[in-house]
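*Asks:* Here are the chains, one letter per residue:
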Amino acid sequence: MQWINTLVQGILLGGLYALYGTGLSLIFGVMRIVNLAHGDFIMLGAFMSLLVTSMLGLPPLISIAIVVPVMFLLGFLLQRGILNQTIGKGLMPPLVITFGLSIIVQNVLQMGFSADSQGLDAGALETASIPINDQISIGIMPLITFIVAVAVLAGLQLFFNRTKVGQAFRATSDDPETAELMGINSRQIYALAMGISFAIVALAGILLGIRTNFAPTDGPARLIFAFEAVIIGGLGSLWGTLAGGIILGLSQNIGAQINPTWFQLAGHIVTLIVLAVRPTGLFARTRDS
Amino acid sequence: MSEKELIIKGLTRRQFLALSGATGAAALLAACGAGGGSGRTLKVGLVAPITGPLAAFGEADEFILGQVREIFSEGIDIGGTIFPIEIIAKDAESDPNRAAQVAQDLILEDEVDLIMVHSTPEINNPVSAQCEANGMPYISTDAPWQPWYFRDDLPSPEAGYSWGYHYFWGLEDVIRVFLELWDEVPNNKTVGALWPNDGDGLAWASPQGFPPALEAAGYTVVDPGRYENLKDDFSAEISLFKEQGVEIVTGVMIPPDMGTFLTQASQQGFNPKFFTVGKAALFPTTIETLPDGLGEGITTEVWWTPTHPFVSSLTGQSAAELGAAYTEATGKQWTQPIGFVHGLFEILADALARVSDVDSPEAIRDAIKATNLDTIVGNINWSTGPVPNVSKTPLAGGQWQAGSDYPFEMVVATNTSGVDIPITGSIEEKSW
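So the sequences go chain by chain: A and B. Quick note, the first sequence lines up with residues 1 to 289 if you use this note's numbering. Quick note, the second sequence lines up with residues 1001 to 1432 if you use this note's numbering.
One or more of the hints may lead you astray.
Stretch-level coverage of chain B by chain A, calculated; a stretch enters the list once three of its residues show a Cβ under 8 Å from a Cβ in chain A [as the list claims (entries may be wrong)]:
1) 1055-1068
2) 1290-1296
3) 1314-1325
Simulated from the structure, these hints should not be mistaken for lab results. Built from N, CA and C at the ideal position, the CB exists for glycine as well.
Produce the entire structure from the sequences given, and follow the hints as far as they go.
*Replies:* Printed below as a string of structure tokens:
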């Protein structure tokens, strides 16, 4: 029975990791950029929600309505203003720029909010749970997080398959030159992709902030789980990211059930095994070269 | 035989370094030249975590520095000569490597006369090691004394260090305090431990730390093992604690992990009677940010509060006045490091006034060593410590309770430290 609880909690944790990873996977899939500031943007989303909730007195879940569009715009402008300048100049320039952004975001957050750890107050919702039996109970917030992750991925799936812009995304991802010949403005597509990535990151940040405390310098520690979810699931694959997140969450929880010190270790080992056996990830769809 | 050899080697090495330190100071003196009527400017380095994950420990520094720079603005009287004082504060950025680097800069580039360092072994230890290697007198605080004292560069436990002096409490005190807290409410004496894989966690979980002491006191310890900081899920620990019937949870956690654990424990129906942790429960802002009032009732060790019966030798302020001045200047609730950072400057002023020769690092070191001063954190005297180089400050037990001026206020509930720290309330029972 304890093992069932382990599996349930692991799967729910996977939802959070999938949310971390989706934005990362999306922009890599579309423009082959590795965003090293991804974890810090998760924190930015959380702090932005903190600002909105404390200024307007809104509950954190409602702050999504403000924070997600603002973050979308921020991502859009970041790509248009800065990162688009680096397109076609190799892997290094965006890597260096996002590394710098990571440091800037951490320090700006620290200047604005001090180094104190903060939390988003969602009241009783935070600790509410559905008891299944003595051993198993499902926390409402982890459940909401998981549902949000699935909804985000389903939404992206529909967006890519059913809309013109979505098709333009896929075309740009497959072959930017040919896509441009067909009249697609790839720079605009890149900016939109970064905007969407930021919107998802904002969701992840808010849900993380409700789940636990956060501080300006926590970003890099979150980034590694985002990377691992993406690596396990396969670069550029949306549902793969969910699968990757779940596999990561499960392996961490199963590892911890055997020996609590193996929590992170088990996740890292599974990631390494996947890298060794299938370097493109389990469900990779994009191919380089 | 080999051990003996090592000690002899160590001695020659230290003597050599002391010698080179003295030569450096002599060169510095020559470079400065003889001044006018008053003495040369004495430079004091201060290393602390001002930014980064440990920044909450350094948050009071700006306020304290403002206070002491004003006091020191007229210089300090040493043997009838007035010496101007310059305090050079450096940010360790919560990073051990950075801490060592800024200590080196202070020693080699700024050519300071002594260094003060505070908060956590991650900052104190690398700075202390640099000072020892360079023959630089230094004062250290805000970290339990064992992780500071038992460093790799300790020549021998009996001899201690040549240049540095540390004041704080030790593991034996925090163990005593936690045990006396748990005596306040009847429980089944089963303790679940959350000790992470970092400097503090390893020291607390070591054979010199909690496990043997708790077992000796009749407690059963359920220790799932060292976990990595910033963990998103504590289900395994929670199910183990539930299975073993744990009623007391203890540890030395960072704030995000405390939040994750408490939230998940509550979701999964684990309701201990005590949640007693070090580090994360230190700062009121952390307690406030815990969801759904989970922070109320958390118990922790208390090193300093405005109700402590001490007076600053530097400003004449009582602990209450110092706390109030901080709140007035910053608009923030008082925190425990305020007293200890202020204490550094009390010791500095007292020691410098007694220095026989400001150009001799040995003389500065000897003046620090001879300190016997009643400070805002209690009496500091390095001749009465448990080991050379360490002076202990009293430790009491406290609980975060709903407050009147702030959402949560620290109540001092137990005190067997031997020093008369007023009890300001009693433990409120709670089930999480």
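*Asks:* So, for every hint listed, does it hold in this structure?
*Replies:* Hints versus structure:
Three residues within the 8 Å Cβ limit are the bar, and the stretch 1055-1068 of chain B against chain A gives 3, so the coverage statement holds. Closer than 8 Å: that is the beta-carbon criterion, and the stretch 1290-1296 of chain B has 4 residues meeting it against chain A, so the requirement of 3 holds. Coverage of the stretch 1314-1325 of chain B by chain A is violated [criterion: at least 3 residues with CB-CB distance below 8 Å; count 0].
Comparing the model with each numbered hint stated earlier shows that hint 3 is the single one that does not hold.
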